[in-house]
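> Assemble the complex: chain A is given as a structure, and chain B must be docked to it using the hints.
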Amino acid sequence: MEYILKEPERQISTKIIKIWRTTNTIGHGSFLLGFGALLAASQFWEWYNWFNITLYILIGITVLSAIFSIWIEPVFIQRTWRYEVDEKFIQLKHGRWNVEHKIIPMAKIEYVTTDQGPFLRKAGLYSLNIGTTASSHKIPAIPEEEALKLRSLIASYANVKEDDSFE
Amino acid sequence: MSNSQEAKRYHPAYLLVELFEFLRNSFFFILFLFIFNFDVTSGWIFWAKLVFLAAAAFTIGKIFLSWWLHTYEVDHASITLREGIFVKKVRTIAFDRVQNKKTSTSFIHNWFKLTSLTLETGTSNEEASVRFPVLKRQEADAIIEIIEKGTAAETPVSESEEEESDGSLPIRPEKSARVEYFRSTKKDILRAAFTSLSFLAIFPILLTLYFQIDEFFSLEDDAENAVLYFADHLWLLTPLFIVAILISSVIGYVITTIRYGNYRIEADRDRIYITRGLGQVHTFSIQRNKVQAIQIEQPLMKRIWGIVEVKLISAEAVSIGDELATNSLYPFMKTKEAYALLGELLPQYTVQDNLTRLPRNTIWLKLLRPYYVTIIAAVALWFFRPSLLWIAAILFVISLVSRLFDYLFTRYALEGDSIQIRTGGFTTTTFITRRERIQEIEVSQSKLQRAFGVRSLGFTNRAKPIHVSSIQDVPDGLGNKFKHWFVQRKVKFE
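Going line by line, the protein sequences match chains A and B.
Using my numbering, the letters of the first sequence correspond one by one to residues 1 to 167.
Using my numbering, the letters of the second sequence correspond one by one to residues 1 to 494.
Okay, chain A solo, but in the shape it has when bound:
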């Protein structure tokens, strides 16, 4: 019997854009603060000049990266994220410039968990973690009800006996 793979269609919540913007702002902000502090210390105690140059370069890179990952990236990630779960496979597909499409057999799945940080909780979202012996994968930002349903669905699908034999 031929199995036809369905192109993944399910999307993640749009609320995640705002959350990513917030968390990325915090992350980049703390890096900038750290570099700033080092720069101030360097000026105060007159450390080596190359140290200052390195710091300026790092700050420049951080600012550029911040612009990208706060204003541009979250929208694209959310827009391009697709997943699909059926009784045989989990599919994860995301990325705009760099499209990645992962296919994980249900039979290889060892655990499935739901996570919720403070930002996700405020938005009523969960992220779903799927683990195999080889790796772990994350579907970010699924509405609460859907996430819990998905978790028990995967758990029941994954409880299949694997036929590893060669014919």
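If you're looking for bench data, these hints aren't it; they were derived computationally from the structure.
Heads up, a few of these hints could be off.
Stated by the list, open to error - Calculated pairs, EDC-like style, for lysine to aspartate or glutamate (alpha carbon to alpha carbon, straight line, at most 16 Å):
{"#": "1", "chain 1": "B", "residue 1": "K481", "chain 2": "A", "residue 2": "E7"}
{"#": "2", "chain 1": "B", "residue 1": "K490", "chain 2": "A", "residue 2": "E2"}
{"#": "3", "chain 1": "A", "residue 1": "K149", "chain 2": "A", "residue 2": "D86"}
{"#": "4", "chain 1": "B", "residue 1": "K481", "chain 2": "A", "residue 2": "E2"}
{"#": "5", "chain 1": "B", "residue 1": "K490", "chain 2": "A", "residue 2": "E7"}
{"#": "6", "chain 1": "A", "residue 1": "K15", "chain 2": "A", "residue 2": "E100"}
{"#": "7", "chain 1": "B", "residue 1": "K483", "chain 2": "A", "residue 2": "E7"}
{"#": "8", "chain 1": "B", "residue 1": "K447", "chain 2": "A", "residue 2": "E87"}
{"#": "9", "chain 1": "A", "residue 1": "K149", "chain 2": "A", "residue 2": "E100"}
{"#": "10", "chain 1": "B", "residue 1": "K483", "chain 2": "B", "residue 2": "D417"}
{"#": "11", "chain 1": "B", "residue 1": "K483", "chain 2": "A", "residue 2": "E100"}
{"#": "12", "chain 1": "B", "residue 1": "K483", "chain 2": "A", "residue 2": "E84"}
{"#": "13", "chain 1": "B", "residue 1": "K483", "chain 2": "A", "residue 2": "E46"}
{"#": "14", "chain 1": "A", "residue 1": "K93", "chain 2": "B", "residue 2": "E442"}
{"#": "15", "chain 1": "A", "residue 1": "K138", "chain 2": "B", "residue 2": "E442"}
Positioned in the frame of chain A, the structure of chain B alone reads:
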């Protein structure tokens, strides 16, 4: 040996084996502290001597106490070890958990007709393996026999999911019969010695020796005279050079013989056994149906000589503190011979001949990708050592050649239940696995790849650590075919 026995101590040769091990490990300390600096009784060397003596006293004391306090107990189903001097520890290892067994016999072991035995279990933590530093040969054989009997009885029940159905596979020898598939000859050793370039090892050794001696006898002046002398009589260098090469060839041959001599590959129905080494004999065995994939490696040097190294990828094969990767079948085998052997040992992983090359236009794609190493090196050199900027040019040429080679040598085949990919520039790696053995797959495409209508494929196999293989720049069509191929995997529902 009866099925169960009293808890007992290791053979007293334990002391000798461990003491020798200690001496070998601290050889350079002793050489440096007590031979080169024999009469130094002040400064940091003096303190280092004291610290070393204290450590030595501690270690030797520990060896004696360990021998006194460590016991082991073997019954029909498990081994119980009592260990620890201050903190007592009792470990019980059930035989049916044992995945691999390794024995290693040094010359001290040989004197007393002993061996050392290491049992590996499937888990990945530090408790995963049990090591008997000394064990009577009969005892080791008895333990191995119990384990093998256990797994043989176990196989139909617990491992039926991994067991191959017999239908299409050639008939294999019975469980008990071990068949020899490969035994290294003198020619193999010669080939190994040449390919590993061990005959060049003499030059660094000579250099270090020279500097060591120089420190004590200040050869500098004599050496300068010698250099001047040779500069005047250049023709004298040629015989000297030939002699050096000859000596080092002999040394290389001897080293290779000790390491790879008497190399045997045997197999019975369930397992593959690898035995190697002269003097220090290592054995290693792996379950046939636990082989997840086959990897064939060919560095440039080996490719010129038509030699391959075949590795068996398995989640169970762990090399324990061994200088040689134990999952290797034989590192220096003629390509044809290796493929034939593979066909016999692991018929489910046949090496395909009709492989497909990458589309022609991908050569431009490969050359277009940013040269990160070159760029970083160039920037760093420009900042710190502008006079050495030419190194960046060399790096650029190397990466250029590597990419061209990568384009030329990359091949793939997706047939039946198996996939085979070959990648790499200077060192090519061929990877063969089966659909059922793949944990998950990934198909990706970057913006640049999209312009060329190509993709990258990736797949994961169980191994320690996890083995991720990937092939870049295959046609779009293959990406879809690969996905479709993978999802046709068979799963039995219960």
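> Run the structure past the numbered hints and jot down the numbers of the failing ones, going up.
Hints 5, 6, 8, 9, 13 are the ones this structure does not satisfy, whereas the remaining hints hold.
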